[in-house]
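Turn these sequences into a full structure, and let the hints steer you where they fit.
2 protein chains.
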Amino acid sequence: MEMRKGNLMSVRTDIKVLDATIRDGGLCNNFEFSDEFVKELYKANIKSGVDYMEFGYRASKNLFNPDDFGKWKFCDEADIRAIVGEENVSDMKIAVMADVGRCDFKTDFLPKNESVVDMIRVACYIHQIPAAIEMIEYFHTLGYETTCNIMAISQASSEQIEDALDMLGQSSVDVIYLVDSYGSLYPENAAKLAKKYLEYGEKYDKAIGFHAHNNQNLAFANTIETMSYGVSYLDATASGMGRGAGNCAMELLLGFLKNPKYNLYSILTFLQDYMLPLKESGVVWGYDVQYLLTGQLNRHPREAMAFTAEKRTDYRNFYVGLLDND
Amino acid sequence: MEMRKGNLMSVRTDIKVLDATIRDGGLCNNFEFSDEFVKELYKANIKSGVDYMEFGYRASKNLFNPDDFGKWKFCDEADIRAIVGEENVSDMKIAVMADVGRCDFKTDFLPKNESVVDMIRVACYIHQIPAAIEMIEYFHTLGYETTCNIMAISQASSEQIEDALDMLGQSSVDVIYLVDSYGSLYPENAAKLAKKYLEYGEKYDKAIGFHAHNNQNLAFANTIETMSYGVSYLDATASGMGRGAGNCAMELLLGFLKNPKYNLYSILTFLQDYMLPLKESGVVWGYDVQYLLTGQLNRHPREAMAFTAEKRTDYRNFYVGLLDND
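Chains as they are written, first to last, in the numbering used here: chain A, 13 to 338; chain B, 13 to 338.
Some clues are possibly wrong.
No copy labels: a pair is met if it fits in one copy or bridges any two.
Stated by the list, open to error - Lysine-lysine pairs mimicking DSS-like chemistry, simulated, CA-CA at most 27 Å apart:
1. Lys270 x Lys28
2. Lys208 x Lys270
3. Lys215 x Lys204
4. Lys124 x Lys28
5. Lys73 x Lys323
6. Lys208 x Lys17
In short, the hints are calculated from the structure, not lab data.
In structure tokens form, the structure reads like this:
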């Protein structure tokens with residue numbers, strides 16, 4: 013255990029909890045959250061001690077027609093201000109996500125001192141690192157905190173990962189995220205990968221984050237396992253709401269963390285008042301057999317999402333189909 | 013990682029998978045499974061490579077009125093034979109559970125050579141170890157394989173655990189089980205406890221098992237984490253069916269294990285044909301916020317089970333009530 017940072021009793025003041033409910037959960041309901049929902053989540057997060065709240069994507073309106081999506085796919089400054097006020101006076105910081113190749117980063121971002129946004133999270137696949145770094149440097153000059161969230165890491169080679177970490181290490185990025193998009197990592201290899209990220213993080217003075225998916229019911233386990241070795245930015249969502257099998261549940265994470273700044277009361281109230289009705293309204297996410305299978309096979313969950321949307325339950329046929337397509 | 017036994021690619025031929033669906037799942041439906049259900053599960057387990065199938069409890073008919081329960085609370089020899097035939101000709105072994113203080117062990121067990129049962133699992137709390145050992149020695153003379161499943165281990169002291177392991181080490185028991193009855197262990201402390209069990213297991217030549225509960229969505233994670241350090245008897249249930257938040261799901265475990273003797277096809281068919289209809293019929297189990305809370309607080313799930321039975325969703329009140337009762 014000697015390589016772990018702290019133990020199950022210790023407070024790690026370097027930990028930052030980021031709520032990604034509106035952003036990753038938005039992938040389940042086309043970003044169509046009511047303002048009341050977002051405002052109550054904002055308040056619940058503040059009271060729970062959450063450090064960052066991600067409001068959604070700032071996607072290109074040239075690529076995506078705003079009529080086809082809820083507003084949190086675009087996160088207009090005015091829409092965020094309608095939730096947090098003209099100034100976000102809380103201690104909780106505000107994040108938005110910008111996908112490489114899916115945003116107009118040169119035109120759609122104000123300088124930080126004119127914005128309520130604090131952090132921009134740049135999401136990319138590993139071959140897009142140069143494009144991500146261009147965006148990161150630009151956002152840095154605007155004055156924002158930045159992260160780079162390298163997605164689908166379970167399909168990248170060790171060499172690619174090392175090259176990417178080295179390039180990001182030399183950039184202005186603040187946080188490098190390990191993202192288990194396919195929910196295919198086990199605690200043992202998640203920890204191994206995290207140690208590699210942490211090695212570069214130490215070398216270049218970057219914090220490391222972890223973003224989990226729950227395909228194999230391991231989102232929480234992988235989050236606390238990577239954390240135990242030094243990962244400090246931890247993504248979670250209310251009820252684990254997120255694409256496909258969803259993410260690490262905020263209620264699991266906050267109940268685990270020992271820092272008394274975190275507490276469960278407000279998030280529990282939010283779950284009963286807002287998350288349960290959302291589920292009852294027919295929005296679907298969470299662990300299920302079809303996601304387990306794509307996770308085990310280290311594959312994009314798109315086939316499992318289609319299986320879910322069609323309300324199929326023929327798991328065996330689905331599995332045979334996946335293997336035939338392998 | 014040097015203390016781990018094998019890695020994520022290796023086959024561990026010492027692994028034994030035990031299906032506890034009828035026994036732990038029986039706690040969710042009063043043991044009222046149809047013969048068809050049990051027979052199909054038996055066949056699916058054999059085809060999936062499962063090593064042991066637990067058919068239920070052999071509880072005292074003096075203590076419990078057979079009219080009040082399904083037959084798998086009692087596991088009469090004739091009822092098991094109705095499923096497996098006069099002789100269980102498969103490679104899969106058959107287990108039943110006997111609770112200390114809740115069975116008539118001197119009268120209700122045939123000698124092994126007159127029974128289709130192979131293994132008797134003796135379940136006890138840590139203060140009942142002497143009584144458990146008396147039963148184990150008796151079952152040993154009858155010719156059975158035996159395990160001792162020490163329940164609620166998260167509330168025992170290190171000293172108690174060491175004393176218990178030392179006593180069991182000197183007994184005839186074959187397997188000593190670490191049982192996370194409250195689903196309160198994290199991978200980090202589950203691994204620590206497992207290492208202690210393994211230390212005594214090595215000293216006394218006993219195999220070590222793990223039985224997980226899923227209160228914090230960690231049943232699978234804790235199972236594979238403890239396994240990685242040398243635990244070899246692994247309990248799982250179809251769809252994770254088991255008391256309260258349920259257990260480690262068989263489909264997660266079989267998909268993880270690298271030994272080609274294990275496969276997913278038959279269990280997937282069983283899930284779609286039998287487990288989904290069972291859930292739809294109104295039998296309730298599985299991870300939910302109320303179980304997370306009792307798990308985090310290291311408490312018996314009884315209050316969470318009552319909350320579930322009453323179909324309550326006022327998580328916050330429930331949590332306040334738990335804390336007031338602490």
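The hints, checked one at a time:
1. Taking CA atoms no more than 27 Å apart as the test, Lys270 paired with Lys28 passes inside one copy only; the shortest distance there is 13 Å, against 36 Å between copies.
2. Taking identical chains as interchangeable, the C-alpha atoms of Lys208 and Lys270 lie at most 27 Å apart whether they share a chain (26 Å) or sit on different chains (25 Å).
3. Taking the shortest Cα distances, Lys215 and Lys204 sit within 27 Å of each other inside one copy (17 Å), while across copies they are farther apart (31 Å).
4. Proximity of Lys124 to Lys28 under the C-alpha cut-off of 27 Å is restricted to the intra-copy arrangement: shortest distance 21 Å within a copy versus 58 Å between copies.
5. For the homomeric pair Lys73 and Lys323, neither the shortest alpha-carbon distance inside one copy (32 Å) nor that between copies (44 Å) is at most 27 Å.
6. Taking CA atoms no more than 27 Å apart as the test, Lys208 paired with Lys17 passes in both settings, with 15 Å inside one copy and 22 Å between copies.
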